[in-house]
Amino acid sequence: MPQQSIGEQMYGWATDLFPYCRSITGPGVRQTLQYLRELLPALEIHEVPSGTAAFDWVVPDEWTIGDAFVEDAQGNRLLDFRKNNLHVVGYSEPVDCWLSREELEKRLFSLPDQPDAVPYITSYYSRTWGFCLSHNQRKTLPAGDYHAVIDSKLAPGMLNYGQLLIEGKEDREIFLSTYICHPSMANNELSGPVVTTALARWIGQLPGRRYSYRIIFIPETIGSIVYLSKHLPEMKRRIEAGFNVTCVGDDRRYSYMPSRQGDTLADRVATYVLDAYVGDYDRYSFLDRGSDERQYCSPLVDLPVVGIMRSKYGTYPEYHTSLDDLSLISPAGLAGAYDALRKCLQVLEANSTYVVTNPCEPQLGKRRLYPTFSTLETRQKVRGITNFLAYADGTLDLLQMAKAIGVDFFECAQIAKTLLGHGLIVGVGRREAE
Amino acid sequence: MPQQSIGEQMYGWATDLFPYCRSITGPGVRQTLQYLRELLPALEIHEVPSGTAAFDWVVPDEWTIGDAFVEDAQGNRLLDFRKNNLHVVGYSEPVDCWLSREELEKRLFSLPDQPDAVPYITSYYSRTWGFCLSHNQRKTLPAGDYHAVIDSKLAPGMLNYGQLLIEGKEDREIFLSTYICHPSMANNELSGPVVTTALARWIGQLPGRRYSYRIIFIPETIGSIVYLSKHLPEMKRRIEAGFNVTCVGDDRRYSYMPSRQGDTLADRVATYVLDAYVGDYDRYSFLDRGSDERQYCSPLVDLPVVGIMRSKYGTYPEYHTSLDDLSLISPAGLAGAYDALRKCLQVLEANSTYVVTNPCEPQLGKRRLYPTFSTLETRQKVRGITNFLAYADGTLDLLQMAKAIGVDFFECAQIAKTLLGHGLIVGVGRREAE
Amino acid sequence: MPQQSIGEQMYGWATDLFPYCRSITGPGVRQTLQYLRELLPALEIHEVPSGTAAFDWVVPDEWTIGDAFVEDAQGNRLLDFRKNNLHVVGYSEPVDCWLSREELEKRLFSLPDQPDAVPYITSYYSRTWGFCLSHNQRKTLPAGDYHAVIDSKLAPGMLNYGQLLIEGKEDREIFLSTYICHPSMANNELSGPVVTTALARWIGQLPGRRYSYRIIFIPETIGSIVYLSKHLPEMKRRIEAGFNVTCVGDDRRYSYMPSRQGDTLADRVATYVLDAYVGDYDRYSFLDRGSDERQYCSPLVDLPVVGIMRSKYGTYPEYHTSLDDLSLISPAGLAGAYDALRKCLQVLEANSTYVVTNPCEPQLGKRRLYPTFSTLETRQKVRGITNFLAYADGTLDLLQMAKAIGVDFFECAQIAKTLLGHGLIVGVGRREAE
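Protein sequence lines correspond, in order, to chains V, R and H. Residue numbering for the first sequence follows this note's numbering, starting at 1 and increasing by one per position. Residue numbering for the second sequence follows this note's numbering, starting at 1 and increasing by one per position. Residue numbering for the third sequence follows this note's numbering, starting at 1 and increasing by one per position.
Everything labelled a hint here was simulated from the structure, so no lab data went into it. Do not rely on the hints blindly, as some may be mistaken.
What the hints assert, rightly or not - Derived DSBU-like pairs: lysine-lysine, alpha-carbon spacing no greater than 30 Å straight-line:
no.	chain 1	residue 1	chain 2	residue 2
1	V	Lys106	R	Lys366
2	R	Lys236	H	Lys366
3	R	Lys366	V	Lys230
4	V	Lys366	H	Lys230
5	V	Lys153	R	Lys366
6	V	Lys236	R	Lys403
To be verified - Here are a few chain H residues that face chain R, going by a calculated C-beta distance under 7 Å:
no.	residue
7	Val356
8	Asn358
9	Pro359
10	Cys360
11	Glu361
12	Pro362
13	Gln363
14	Gly365
15	Ala392
16	Asp393
Computed from a predicted structure; not experimentally measured. By construction, the Cβ of each residue, glycine as well, lies at the ideal position given by its N, Cα and C atoms.
Let the hints inform the model, and build the full structure from the sequences given.
Structure below.
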């Protein structure tokens, strides 16, 4: 059997995870985390009890959903949770009642503008119940009595999340966050956890890893808030750059979500990679935020976290509907996002600041870094090296050096390696300004 | 009798004040201040004796003008101060003599390019005398002998100015300055004192006034210099923003005169109000200055003082001539400037800096600030509130917040009020950098 | 005999110096320095022994070249050093051997794209030998045996340079550097030393000279490195602005080479002079550097050194070939560069920072700086003076003042002189930020 490409592997994991009925709590989350632990044996699965305070929030009761359906008087199941878990409003309270067509109407959600799509609706913090369906189906429901059943449980339980800590030479950290709280949807959300898993496996095998990595799989919003409430001081101290991994599965455009400050190391890395290796992409404003960067970049938190996405949440027509299914994502789409994010990590691992060891240009010739005969042509050949030396004043990291001298980042890193080998430069500590 | 609009009120005051023969000193100034004290009972009228030193200057002798005329040999009054007080050069010394047509010529001022206008000319610090007239009239003066009479007095006396201090909750001050030293001219100058008077009356009734207000009615140049020489340290300590109120009466364009620094709180407020509520206006350079901003923004003084005007002094054809009369200004013109300046004061009163009380987004739902069902549409509804919270990091005042999140200043102020009420933000001290 | 223009004088010196066979060491350098000492009697000629360490470098052996030729079997001299000293590769080791046409080929340098030009080639730090010739000549060389002779000596000796220190009132320095290491080429290099010599003579007679001047005539690269290795601390402490003087002889465009920082006093002066008095010129990036700014602006050295050139080295077709001869430069070309550089020195001598002595505008009238009658026209007349006073807050030097108020630098300097005379401003110390 031929080896699968990384894109096909990720797509396979997404296919496995697609049917699970995730929410911000409950068995679907645990089932997902257990699946991921098969791929990432060091993944820790944590649990936080309902009622635990987290900043302004409290961990809600756990939601368990067994079955849900609407049937007509003849017992025909018109809406069936088992066929599509989007049919039930997330966090619906249990119900078993008969309603008229008019009464049922108040419990239904559909999208007139997207009549084939079943919308994704939740109500985590306000007790209610309801059903979602396509607008086309809604229009066909005849008058008559309906039997609505939701076999759910809302009771004190646990909020679960996964945490994977990978140690590097330094305790400074790169942070990856992705979420596992949406039922059967593919670009938002399963692309996130599968790309993050693939990245985590790559990081785990990265030789000479410099940074430590903090990688979390959480329910969106409440999960990041709970996680921050437990780890904020150490995260502030350690994290140099972070990425919120979401909407990384389709084949369309690349997108960039800046941090609130807009110029952190994470922003500089992400825009460098997108500019240099993707080229054309959509650059959003932090005002367009909508995922966990809302927490990571909030005032008093202010972590350097950005997003590199394919089609951004909220901008593509299938978003938060049943149309965001496995046909929307692809091995190539997943692999493209994986490559861009991995490139960011490679840049971060290699990014350093250097200063020359001597005033004036060094004598390159005696180190065989300079050709014997000085002609216009040969002089241009060593221009990369001499430009690097001319700007290595201890204030520019390699990302800034690459821009200053117009040379690709990884080529700069190669020049740095050569010059370090000859003792012509030394690295200088340069902790990113807050 | 129907209530007058504010524009009509101001126009009425200007009409009353128009005939007074003001100069930098003398009875016309006092007469004007007494009139204004009828409207502003708390107005203090100060006097500074001739000979008093003020920085590089000395308060000059007081000028009293009774009558002035030029008559021909037949006793026909060709130029008559009583008909138009612009006919006599301001601060003319007394004279009573006969001159030939040729000798008279050296004492006459007219404008060949504006042959119908009588120019406004003064000579405060160099003793001389003269008459102003229209160029058309000048051309008709026949040869012959002329009797020139100026019944004036130049003698030690007083320089007068008015000061109105209105206390607020804080001793930090907003500063308004206008001048009362020009004879019968309307846009420059009577629009200034009448708009300032209307603003002062509005301020006096402003509920919950936060700032204290320092409002002065002074002779231009020597008056602002004298006032600064007496009050500079406390003004430097207290004044947060100031406005030089001049040329605020005609119906034409709005104009903006920046402070020398160009980015003080006063500049930010004025440009916000003009951008948001006026739209199209003339933005001048400090190099185009010409009124008391020359003193307030001079080196070693450096107060944050700007000007919002209608047609700026020196730019409209009627400026400093008899054509700048009551027909040039209008109730609507005055009211427009009054509205813009009052908006600036409202912005200043409401402008504060806030910081969130918790890391991460607060839970808006439990405070009924967030709708029950999370859909794309409802999420956009609370975007103003969440954007405010996302940027409330204690570094942006509301003016900067309004720009950052693209929401009108007063709507931002309303959001702030709501969030303060819920304890989700607190105000932080943020004294404008010098 | 009519007096020569400064351009003709410089051209005459270049004509005298043209035939000398300069290199980075050797008799040609000393001969050149002795010639210059005739023009600049205070010029000190220094020597540094071979083997002396200078940062990463070591002063090489001295090269003495007596003769060099290639002759055919019939004794016809095909290439003759005595006819054109570019024919021998600089720093060629001695040789006297017979070669076949094929063996000779490896020792020849020509330019296929410029078939009439003899290229200029050196090999200072790697022992070899070779000949340069036009490509047209190369193509005519028949098969057969050739006799190659280079009568050179490479042995411990001296590296020479000239230093001229001219004291001013202050020990802060202006720095001029030019090089004397190229054989018979005119724009690069003889224009450099002759323009520098003319500037030095002008500086020597400058009345009331404020700055001290450090002027050096050095071999390029190794000379500047050696000089810096002996003088860096005092240069860092004293030098306010410097100019690397090269390629200042032709009639074509003016060029500007910024310092690495790009905004030093030297940059501000050079761009002001070029903008105000030249207008259209080529503005290069520091990435285009190629002369001794490579050393002066290197990290850990970081001196404020820029270049004002005519056609920049490396950009004109005759560069580093026999075509860069006396026909390429002209008295007018040299004089243009001389004028631009002298203007820079005049700006530097006059550039100061001032602050007013009083808050508020001073009373200009009592100092006869203001006209008696205040009209629109007369007010505009004193605008230069009042604008200067309005911006003289102790933060702007005259270069910045000139830009701020839109008045020519030297007119600003004249205003400053007037205001200083009236005690209305005082100079403030303002050492350029590093």
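Evaluated hints:
| no. | hint | result |
| --- | --- | --- |
| 1 | V/Lys106 with R/Lys366 | holds (23 Å) |
| 2 | R/Lys236 with H/Lys366 | holds (28 Å) |
| 3 | R/Lys366 with V/Lys230 | holds (22 Å) |
| 4 | V/Lys366 with H/Lys230 | holds (22 Å) |
| 5 | V/Lys153 with R/Lys366 | holds (22 Å) |
| 6 | V/Lys236 with R/Lys403 | holds (28 Å) |
| 7 | Val356 | holds (5 Å) |
| 8 | Asn358 | holds (5 Å) |
| 9 | Pro359 | holds (4 Å) |
| 10 | Cys360 | holds (5 Å) |
| 11 | Glu361 | holds (6 Å) |
| 12 | Pro362 | holds (4 Å) |
| 13 | Gln363 | holds (5 Å) |
| 14 | Gly365 | holds (5 Å) |
| 15 | Ala392 | holds (6 Å) |
| 16 | Asp393 | holds (4 Å) |
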